[in-house]
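Starting from the known structure of chain A, arrange chains B, C and D on it as the hints suggest.
Residue-level listing of the chains:
4 protein chains.
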Amino acid sequence: MEKVVAGVIGAGRIGKLHINNLKTNQNVRLKMVSELFADDLQEWFKDSGVEEITKDYQDIFEDEDINTVFICSPTSTHADLIKLAASYKKHVFCEKPISFNDEETLEAYEQIKEAGVKFQVGFNRRFDKNFQEMQSRVENRKVGDVHVLKITSRDPKPPHLDYIETSGGLFMDMSIHDFDMARYLVGSEVVEVYAKGAAIVNPEIGEMEDIDTAVITLTFDNGALGVIDNSREAVYGYDQRIEVFGNGGAIVADNETATNLKYYHSNTVEIDQPLHFFLERYNESFIRETQEFVDSILNDTETKVVFKDGIMAQRIAMAAKQSNDSGKPVKVNHEIG
Amino acid sequence: MEKVVAGVIGAGRIGKLHINNLKTNQNVRLKMVSELFADDLQEWFKDSGVEEITKDYQDIFEDEDINTVFICSPTSTHADLIKLAASYKKHVFCEKPISFNDEETLEAYEQIKEAGVKFQVGFNRRFDKNFQEMQSRVENRKVGDVHVLKITSRDPKPPHLDYIETSGGLFMDMSIHDFDMARYLVGSEVVEVYAKGAAIVNPEIGEMEDIDTAVITLTFDNGALGVIDNSREAVYGYDQRIEVFGNGGAIVADNETATNLKYYHSNTVEIDQPLHFFLERYNESFIRETQEFVDSILNDTETKVVFKDGIMAQRIAMAAKQSNDSGKPVKVNHEIG
Amino acid sequence: MEKVVAGVIGAGRIGKLHINNLKTNQNVRLKMVSELFADDLQEWFKDSGVEEITKDYQDIFEDEDINTVFICSPTSTHADLIKLAASYKKHVFCEKPISFNDEETLEAYEQIKEAGVKFQVGFNRRFDKNFQEMQSRVENRKVGDVHVLKITSRDPKPPHLDYIETSGGLFMDMSIHDFDMARYLVGSEVVEVYAKGAAIVNPEIGEMEDIDTAVITLTFDNGALGVIDNSREAVYGYDQRIEVFGNGGAIVADNETATNLKYYHSNTVEIDQPLHFFLERYNESFIRETQEFVDSILNDTETKVVFKDGIMAQRIAMAAKQSNDSGKPVKVNHEIG
Amino acid sequence: MEKVVAGVIGAGRIGKLHINNLKTNQNVRLKMVSELFADDLQEWFKDSGVEEITKDYQDIFEDEDINTVFICSPTSTHADLIKLAASYKKHVFCEKPISFNDEETLEAYEQIKEAGVKFQVGFNRRFDKNFQEMQSRVENRKVGDVHVLKITSRDPKPPHLDYIETSGGLFMDMSIHDFDMARYLVGSEVVEVYAKGAAIVNPEIGEMEDIDTAVITLTFDNGALGVIDNSREAVYGYDQRIEVFGNGGAIVADNETATNLKYYHSNTVEIDQPLHFFLERYNESFIRETQEFVDSILNDTETKVVFKDGIMAQRIAMAAKQSNDSGKPVKVNHEIG
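Listed in order, the protein sequences are those of chains A, B, C and D.
Using the working numbering, the first residue of the first sequence is number 650, and each one after it goes up by one.
Using the working numbering, the first residue of the second sequence is number 650, and each one after it goes up by one.
Using the working numbering, the first residue of the third sequence is number 650, and each one after it goes up by one.
Using the working numbering, the first residue of the fourth sequence is number 650, and each one after it goes up by one.
I should point out that these hints are in silico values taken from the structure, not numbers from a laboratory.
Values in this document were obtained by computation on a predicted structure and should not be read as measured data.
Incorrect hints may appear among the rest.
Since the list gives no way to pick out one identical chain from another, each pair is judged satisfied if it fits inside one copy or across any two copies.
[Claimed, not checked] No more than 25 Å apart at the CA atoms, straight line, and that leaves these computed lysine to aspartate or glutamate pairs for DMTMM-like:
#, residue 1, residue 2
1, Lys980, Asp822
2, Lys704, Asp944
3, Lys778, Glu933
4, Lys806, Glu858
5, Lys806, Asp794
6, Lys977, Glu700
7, Lys791, Glu919
Here chain A stands alone, though its shape is the one from the complex (with noise of 0.2 Å):
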């Protein structure tokens, strides 16, 4: 293929998070892009390098020239658009997760499977530069066996309580990145769950059968042993460590910083707090995922997330909630199909 031809469904903050970077990709013509709500984005639209915008997704699958399309909608709607992709054979970007429902999740993969069309879902973390180099580290074996993992993700303050009602849940909406990473990091599947959870951010989100920290046990097929730890608010910003354990060392990310200035003063000496949304923190990363997704399309190679990662994290996703609903830890099964 000479150029990915883009259809983009859903304009919201993550939407347009991507049709930016697309923009910029030379391997990329930007061709329409299909939003609900497209009156209210007039303004934008102008200024973002799109040739069409549309309200109807259809639009999209239906135009002959777009090859790719990048599903940003909600996720009630990603089962649904990923299989009228793949009878489109259109090649697939799908944000995270990829459903609420395992088996709704199989069966779009099926067809995707069957049309032979490229895949990516949108686990951007996997591109950032200090995890790959991790991972490539631990895949190069410089911590021996792997022992603990260890995942600290906290956000800087707790969405809407609207947007928490449609979320999936914490673990469904904020853990799954750490699921994810955890799996590409430790190279082995999560086979048990234990979570404990609680709401004491904002105890309305514990009125909405959600919580806002959670304590996440993981055993891995290979033995490893895991633990994330989130809160929906760190008021220092966004925090994101991590830490791969094991008998031959161990190797430690820590937060990314705007500049990395030490302030001597009289009463204190103060640096710089971890870089404070996710858009900043992760910039890179959103640009690495969308680049490297297609390339492998013009290259015909295989997606660096594939299908699979998306129905592993979002079934880790689904243990931890019963986990944390049962009080007892919750096994995962890793066989597809």
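For chains B, C and D alone, coordinates are given in the frame of chain A:
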């Protein structure tokens, strides 16, 4: 009281450590040491600053000058020795854990209470300058309400297998320090434990029905969550890091190192490993631990680590073991008597 | 002006760098490049995004579309090209140093002033995020009155000896960036220089009457002192650290690294080396440098690095050389015209 | 010798410091202290562990038990007291500087040499764990040939003006420690000094013809260059950093802090300031300094800071003053006798 006149029971590694620290304390007269294998210690005894050495601990109890005993013998003997000390009205410093058995420990507790003597458990880490400052800031609400406590606690090397046999297991021998730290730093009782262990450092440890790696989830009475990860072997040194996270911020304590040098050369940049052994790492905290115990006797103030601290750490360790055995979270009772 | 139409004179390492950055700038049309050795560049030219390539820079001046020239040719040609640009009323971006000769530089300055075109010198480090934030804090008096400025600036490797021959010497070629940083950060003119150099990295550099190592003391008009230490070879990478110290505190900028990983293993703990090459280290600052220059043309605002900045850095470099040759401190005149 | 029997001359701040350290040394009997203002010290004397206190230092010299004197009186008295000690064949520990006058110092040196007694100058920083390890690595060629030495040495606050009056000036009082460090770390003599000073912390210091801020360039016999920057006031604490850079790499020593805690909150991230006072910062080095001096007497080995070290640091200080006064670099003679 003008001076502490001390008798030390047990002159193994930890007993010798306390003897060394006591002899530099100007408020202490170190009168007698009892050690079953006293014959092997003749050489050491000469330079030890100890006046008398005996094979029979009864000599210590019957010595009327001695007003304080340091119990550094195997755990199985602690409870009886504490009761004996109470009956002789001597103050007691007892190494951790108090015993492997809640009833036994409670009996000893009752007798100490009745005797009205001072009692301190050997949770030396409470006297570490980093953790002490951390506790003080948490108490002063520098992180607001605590939401998550994280402890990473890894030994540089597993002990000999015959030590492991009588150790009471990883939770009772090693994690018990972390359980105490958890209560100390969060300032709230642990009400539930879920522990997931593995024997992946050395399978022989597994054959002894012990583990060498663990991830432990704690639930505190105030709603906070905690997580401890333990390993018997960190090849790069004694890894001791703690973090307290709350709705007002977070405080992180890193490892201590021998120097703060950074060495830049053509291959990489090197910094110091964590101090390698607990005797180096906690050297100062061991010194302060006995100093403050001695001061609390001389000034008739409460000790910094009271009997209940010993009871609770031990109960959490027992709950952790039960959880790991059963695969389920286990409640911890924090009522005494 | 609607769009900058650019011509680039010289397509060596630095010329190519600017060409690459200009072609991603949506406000720039990169029309022509002149390069004496254009024949060797046919391959590169294809992908360069440049419309025309010529051997004769006169073509650039005579092209009526081109409103802005980027002078990236050898230093000996700068002054004449600047004057030519002034006569053609084209805006000028000129690489550092402007020339090796104060009079020549002042002549060029007069003509630019008269022509009323924009002018910017290539002191890219002013656009580094760390140093920019440092400057802003100093300006906002976060360190109070500046007392001492410290710059450590070391190259990873000496250039080829034939480059050194025409470089103008260490002070004019390398330290000149630091002299500009000094003025930029302290916000006061340098009035005296004492330089002590040595040829200890490579004695052949000494045989060419140049040096490869230097310690330079600066005195600022406001009473502050400064010190720069330079080396042509830091085997661990490109070492670029700055510190501003005042009566209100200090701000320290450390090196940038590829990742923030810490790798603990059985021998040591490793962190990343400083980024190894100026193109990586200052990649973003080179991009911003041209962006802001382009913006200042489009918005008709003052450039961020004006002609006087070029003149002064050059005078300080000349004074440093004179000081090193004579063994005495040398005054620097900061009056122009 | 079995035991050092010590007399201390002068019980000001530094004298009391040594007295405190000596009394915890089991190889030392602290017999007598002489202090002109002994009457004011009655209260302190009670708890000092000193056997006798006198107003007349002659009592110390005439006491036949005393085999070692610690000279902690004002600098103007040092040389005479050293000569007296030599004539009484007593070992000498002398605070820095030995004197303000090269001839006087050399006379004292000759008499010590003739008497064959041990002598140590009070350059305590040589006993700091960071700098000691740095020196050892430099000696083991971990940075190859040394090219540049950098010392930042700043006091937290200027001393009282009346102290400054008799201090000998910044170079002799404060930088002298850095001059000694320079020789110690580089392992080569300083052959030339250029010093640029300013009175910008407090103009009253300037009125006394002293300075409070300085940048000092050193040239070493082996071709290396050095730079020291001094300030009498760093509002954030006692700033003591050193770096050795060579053709094999660099080693950097940072400040010491009370804890290693990082505190993240909604405004910033805070770390500890450098330890605020020299007594805290160099507490351990002062202890080791006397310990090693005592050991060298008991084991009849060479002291770690010999007479020549005192002579040379003093000469460099005098050269620095001369350079600052004359505005020219000044040669330093390192031949003795």
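To see whether the hints hold, each was checked on the structure:
1. Lys980 - Asp822: Classified as within: same-chain Cα gap 20 Å, cross-chain 30 Å, threshold 25 Å.
2. Lys704 - Asp944: Classified as neither: same-chain Cα gap 29 Å, cross-chain 36 Å, threshold 25 Å.
3. Lys778 - Glu933: both (8 Å within a copy, 16 Å between copies)
4. Lys806 - Glu858: For Lys806 and Glu858, only the intra-copy Cα distance (18 Å) is at most 25 Å; the inter-copy one is 44 Å.
5. Lys806 - Asp794: The answer is between: 16 Å across copies meets 25 Å, while 36 Å in one copy does not.
6. Lys977 - Glu700: For Lys977 and Glu700, neither the intra-copy (52 Å) nor the inter-copy (57 Å) Cα distance is at most 25 Å.
7. Lys791 - Glu919: between (33 Å within a copy, 12 Å between copies)
Hint check: violations occur at hints 2, 6; the rest are consistent with the structure.
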